[in-house]
Amino acid sequence: MNTVMSEQEKQEGGLTPDTQVTEVAPKAEPSSNVVIEVDNVSFAYVPKKDVLHDISMNINRGEVTAFIGPSGCGKSTLLRCLNRMNDLIPTAGISKGEIRILGTDIYHREVDVIELRKHVGMVFQKYNPFPKSIYENVAFGLRIQGINDKKKLDQAVEESLVFAGLWGEVKDRLDSSGLSLSGGQQQRLCIARTIAVQPKVILMDEPCSALDPISTATIEELITKLKKEFTIVIVTHNMQQATRVSDRTAFFYLGNLIEMDKTTKIFHNPSMKQTEDYISGRFG
Amino acid sequence: MHDIAEDLPIKRTENPFATKAHALKRRDRITSIVLRLTTYFILACAGYIFVDIIVKGAPVVFKGTPPFINVPFLTQSPETLMTFETADGEFHKMDFSDYSQFKRDFPGLKIVEEHSHAFSGGGILGPLVGTALLTGICIVIALFVGLTTAIYLNEYSTKGRFMDAVRLAIMNLAGVPSVVFGLFGLGLFCLVAPVITTTPMDGKFAIPLFLGGNFLSFQGWGVSMLSGGFTLAVMILPVIIAACEESLKAIPMGFREASFALGATKWQTIAKSVLPYAFPGMLTASVLGITRVAGETAPIMFTAALSHKDKLPWQDVNSIGGFFSQSVQAMPYHIYTVAARIPQSEYTQPMQYGSVFVFLILVMLFAALSVFLRIHYRQKVKW
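Taken in sequence, the protein lines are chains A and B. Once you know that position 97 of the first sequence is 97 in my numbering, the rest is easy, because the numbers rise by one and skip nothing. Take any residue in the second sequence, note its place counting from 1, add 1000, and you have its number in my numbering.
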């Protein structure tokens, strides 16, 4: 269905993906506000089979950037390029271009991926607390950095849980298992665990897709709060969610970045026909 | 639209579900009977073995008077059993040591109809201790090598032809007959394994270490506990590796991803977010492995076991090296000896069935322990 549509559109519009990208997302001039620069990046899971094509975008400090698009369009793949989680797949890698975070090419061979991930945290689709106590879940990131000072840990755990809005609910049972919490609470625990390491950027891969509407609303509220201190990139299937939480939205289709702009612009007055078709529910 | 009922002329007086194909029905019934009988046959075999062992073995181990357990049978080592009649026609049955004493006590007594039954007197402490030591050594070695291999295979190795070949080799190892492992152990551990010694054996390859006149001499460990334990370990490795790998595979990918995303190194991730949760499964499998290894005869036949030994392993030993380099008695080998290598008579039977009964109980206890551990941890560790 999607491929048929895209072929029709190619015939109608006559635009190749490359021209679309350069037209819509020109390389931004260096600005102090830019945290992540994706510069003409192509990515392949298996050599020579690119699943992302010439992506270029800038992600700004203190903003929530949403990636939207139909399944398989490459939005999660790009997200996982930003903290090099794709390194876990042996044959996968960037085939072209550069990703710079705070001005440094993160795929440069002198970059330690372990250090990178301390600065670029990640929250996953399926909440995945460790089968440890709530306290140890939040303290995990600090403990692996060799911090075992009880006072420091106590403080960090409390601050993170307070920030994640979970402190009031769990302060009396920090020793009980993280898995004893409800789904929404577990996801907030995962967020607390991520912010305990004090990253600069938090990547969220469909953080609410396994949650009920009320838990989703709580998480969205939290995201709005988080953006004051962290730069957030969120992948979502839920377009209402994108309009609610994000400042800027990028629309992906078949491995191409079709359009990236202010969220209000994308949802009210998109430049590209494919974007309009997608957000109006005509495909995807 | 035409009426469907017209196409289906059902006469209401006739039973539409009446049996039509009698031959088919009969075949169906015969199949079911055959399947049932084969299953019952297995049940009967297992039942016969167990009942036979329990009926003939339990009286050897248990008795009707307190403490209800035949303590000497469990606390003495095997001895020769003597049966004889004195001149007045009185029948006697006693262990060889008691017999010597008896003859000293009554020096002039005329003894007729004297028979000796090797290994049929005394108890089974020696074999029990030997088997415990062999399985102990085996499980330490097998767990260490098996766990590290499984971690490498599951967490570090990348998929490819070479890794497929490694896996195939491990799987093939599981199909090698145990007697081949016995010969392998004899060839490798007994005859060429390296030892550090000041006096290397003649004709063996030795490397001087320049440390207090020591040599690394490839002269083998001889027929010893260590050789037997290592041989058993190699034999059980495929099982342990497979079990450990399955346990590692069962850990959700999310744990690893979460750990990596928090900036953990590969080893931190494995040590803190994978192994602790995989441990129960590995433990269960290892306990099952122990029961299998404990019962193996062929691998220890050439490498560790001997049929008779007066002393227990810790008696008359003055160094750790000496402890591990002695040969031991072992339950399976003892059972083989008393069942197949000595002339059979009514006097040898209690030892045969008693040994088998005790061994069976031990193995079943370990199997039960494994089941218990599995249930216990399944309740405790959940995700």
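Keep in mind that the hints are not guaranteed to be accurate.
As a list, the in silico BS3-like pairs of lysine-lysine whose alpha-carbon atoms are at most 25 Å apart [claimed, not checked]:
| hint | chain 1 | residue 1 | chain 2 | residue 2 |
| --- | --- | --- | --- | --- |
| 1 | B | LYS1103 | A | LYS150 |
| 2 | A | LYS49 | A | LYS118 |
| 3 | B | LYS1272 | A | LYS118 |
| 4 | B | LYS1272 | A | LYS152 |
| 5 | A | LYS273 | A | LYS228 |
| 6 | B | LYS1266 | B | LYS1093 |
| 7 | A | LYS171 | A | LYS126 |
| 8 | B | LYS1159 | A | LYS118 |
| 9 | A | LYS151 | A | LYS132 |
| 10 | A | LYS126 | B | LYS1266 |
| 11 | A | LYS49 | B | LYS1159 |
| 12 | A | LYS152 | A | LYS126 |
| 13 | B | LYS1093 | B | LYS1063 |
| 14 | A | LYS273 | A | LYS227 |
| 15 | A | LYS132 | B | LYS1159 |
| 16 | A | LYS200 | B | LYS1311 |
| 17 | B | LYS1093 | B | LYS1272 |
| 18 | A | LYS126 | A | LYS150 |
| 19 | B | LYS1103 | A | LYS126 |
| 20 | A | LYS126 | B | LYS1309 |
| 21 | B | LYS1020 | B | LYS1056 |
| 22 | B | LYS1103 | B | LYS1093 |
| 23 | B | LYS1063 | A | LYS48 |
| 24 | A | LYS152 | A | LYS49 |
| 25 | B | LYS1272 | A | LYS151 |
| 26 | A | LYS132 | B | LYS1103 |
| 27 | B | LYS1272 | A | LYS132 |
| 28 | A | LYS151 | A | LYS96 |
| 29 | B | LYS1103 | B | LYS1056 |
| 30 | A | LYS118 | A | LYS48 |
| 31 | A | LYS48 | A | LYS96 |
A few chain B positions that, by computed beta-carbon distances, are all more than 12 Å from chain A [stated by the list, open to error]:
| hint | residue |
| --- | --- |
| 32 | THR1031 |
| 33 | PHE1073 |
| 34 | GLY1213 |
| 35 | MET1253 |
| 36 | LEU1262 |
| 37 | TYR1277 |
| 38 | VAL1363 |
| 39 | LEU1373 |
Source of the hints: derived by calculation from the structure; they are not laboratory data. Everything numeric in this text was worked out from a predicted model, so none of it was measured. Just so you know, even glycine gets a beta-carbon here, dropped at the ideal spot from N, CA and C.
Return the numbers of the hints above that this structure violates; sort them in rising order.
Result: hints 1, 2, 5, 6, 8, 12, 14, 15, 16, 17, 18, 19, 20, 21, 23, 24, 26, 28, 29, 30, 35, 36 and 37 break, sorted rising.
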